[in-house]
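With chain A fixed as given, assemble chain B onto it according to the hints.
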Amino acid sequence: MEALISFLAAAIVAGTPLLFATIGEIITERSGNLNLGVEGMMLMGAVMGFMVGMMTGNAALALLAAMIAGAFGALIFAFLTITLRANQVVSGLTLTIFGTGFSNFIGQPLVGQIAPEGIRLFFRPYTIPVLGNIPVIGPILFRQDAFVYLGYAASILLGIYLYKTSKGLNLRAVGENPGSADAVGINVNLYKYVHTLLGGALCGLGGAYLSLVYVPAWQEGVTAGRGWIAVALVIFATWNPYKALFGAFLFGGLDIIGFRMQGLGINVSQYFIDMLPYLVTIVVLVVVSMKKSKENAPPKGLGNAYFREER
Amino acid sequence: MIMPMTIRAIKKSEPSRLKAATIRIGAIILALITSSIFILLLDLNPANVYMKMVQGAFGTAYRARETIIKAIPLVITSLGIAIAFRMQFWNIGGEGQIAMGAFAASFVALNMSDMSKPILLLLMILAAMLVGGLWALIPAFFKAQWGTNETIVTLMMNYIGLKWIMYLQYGPWRDPNSLGFPKIANFTENAILPKLMGVHIGWIFALLLVAAVYIFLNHTKKGYEIAVIGESINTARYAGINIKRTILIAILLSGGLCGLVGMIQASGVNSTLSVEVTGGVGYTAIITAWLASLSAPVILVVSILFAALLEGGSYIQTVFGIPESAALILQGIILFFVLGSEFFVQYKFILVKNQNSVKKEVV
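As they're listed, the protein sequences go chains A and B. Each residue of the first sequence is one higher than the one before, counting from 1 in the numbering used here. Each residue of the second sequence is one higher than the one before, counting from 1 in the numbering used here.
So here's chain A without its partners, still in its complex pose (with noise of 0.2 Å):
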């Protein structure tokens, strides 16, 4: 039991920057946007909050800085697809290799350096009174750190904004039919540029958890292929920042489970284990699309550029 509950802990850990991934995928698809470049703004989140942290050694500017990449890189991307139309897909493509080398490249200083002690300590566990004390539950979910805690209220305040809010309405609206939203007035393409740079900048956070708390220390590649399972949890989790909390705590587990096994004596090859989360990933995505439902499917404007005069 104390195991176990100590493996789930280490899931949530584990899932965060997934989490912020996943979220920052959601509002930018919903806005009817596909940006594959999630490992690209990832990564440039990594860096910039971990230079900043490093310079500085204070949190809360790493982690702005995390946002200002991240949404750095979806401006790009905005302002590709957006206002100059170009494909959706190669943009994002062309986003992830972008910010790969720009991450490689500002961050080859820094390789192998730890995050500076500050900000270790800033983000060490910390119990929730009261929550944190309910047995199993506490010690898996509310004794971990205050990232973790800003990726639960990121998660619950998209889902009330999407769900609950004139705002989020349109957001929605925009993103499965452009021409009627801008038919009622609606800004399309301002809508389009907020969510996606919101996206990015989630993004960015998801990267910074990585460099700054998991590791914590820089290393070339950081992300390891997060961004992408990210894409695949924002499927999965039916572009729905409630069950992304579900999927990326899940994912979480699967990417650790090797190490845990390892240290139970089971003896199954580190590479085998290393495959799990993409072949999950895979297994969910087919399981998905199998299964098509009306509320499952994914917002009906996504991947096309909207151009109000060829309505």
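Treat the hints as calculated values from the structure; they're not laboratory data. Just to be clear, a hint being listed does not mean it is correct.
Examples of chain A residues lying across from chain B (beta carbon under 7 Å, computed) [to be verified]: (1) L84; (2) F102; (3) N104; (4) L110; (5) N170; (6) N177; (7) V284; (8) V286.
Heads up, the beta-carbon is just placed ideally off N, CA and C, and yes, glycines get one too.
Same frame as chain A, now just chain B:
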């Protein structure tokens, strides 16, 4: 009274080829200028750096050969990717397909090394193309059957394929004679592609395939059907095209070409199998295929230029101490500009009177 005016973009009826080419070249020049800012930040002279890059890629016969060797896998992988992209099937699984092709070729090379050279090489090619094609066929099957998102599945399969190679390299295929170094045994001489004019004969394959893929995409029924599916699934269905079958055939070809690259790299370049066999070609080829507007002859040109960018990039790394990642940034910036420039190829701008504000004034 000042007449309020706004700029509106309208679609051009028929963008002329010359204009399109001018705009794209202009975009690349702008990208190089933008990249110069990066280089200036490194306290280096951009013109000098670009010059050294050209020297690094073509300066001597040896370097030119190295550039060609880098271009070969790019050309063939881009051709494979172009077939898939024409159909709007986003195959970003080139890496995995290359890795699995290399695996199959190596399996043949390591287990049947007593065969005569031509037969062994032929078997390696067939095995690589088959396994690469089958690896791509898995996501294609899901796509054709249930519409599963192929972008993610092909990508996930890259990681699985590469982990598989790592498993072999560090596990069952590890060469016991390599003194503890985790590597797979070198191929015997008869499993290595012969050379012609100083470069392994992969370059001949590449040239032949450019012609073959061009003919296939532009002058055969299947090629036409692929294009129709890419334009609109509904049109294809209405025209009576067997969509599932066409997707499967096209992706088998797409993955088969990538698999062939695995064989060429393992046999012609590395003489063994290792995780480095793909070298990121599967991703770079996406860029080259797109820059070439998925046209086979243009892919040849773009791939050579890109190989020059890579080769020149590693040269300036040694000359100026610029990190290798700078080449990635440069690739990204060039592609951003070319992607953005499509807009100016497709649309023209006109000034129109702003009717809304006129009305307001009347009211």
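Each hint, compared with the structure:
1. L84: Cβ of A:L84 sits 4 Å from chain B, so the hint holds.
2. F102: 6 Å, holds
3. N104: A:N104 check passes; min Cβ-Cβ to chain B is 3 Å, inside 7 Å.
4. L110: Nearest chain B Cβ about 12 Å off; hint violated.
5. N170: 21 Å, violated
6. N177: 18 Å, violated
7. V284: 10 Å, violated
8. V286: Cβ of A:V286 sits 5 Å from chain B, so the hint holds.
Hints 4, 5, 6, 7, counting from the list given before, are not met by this structure.
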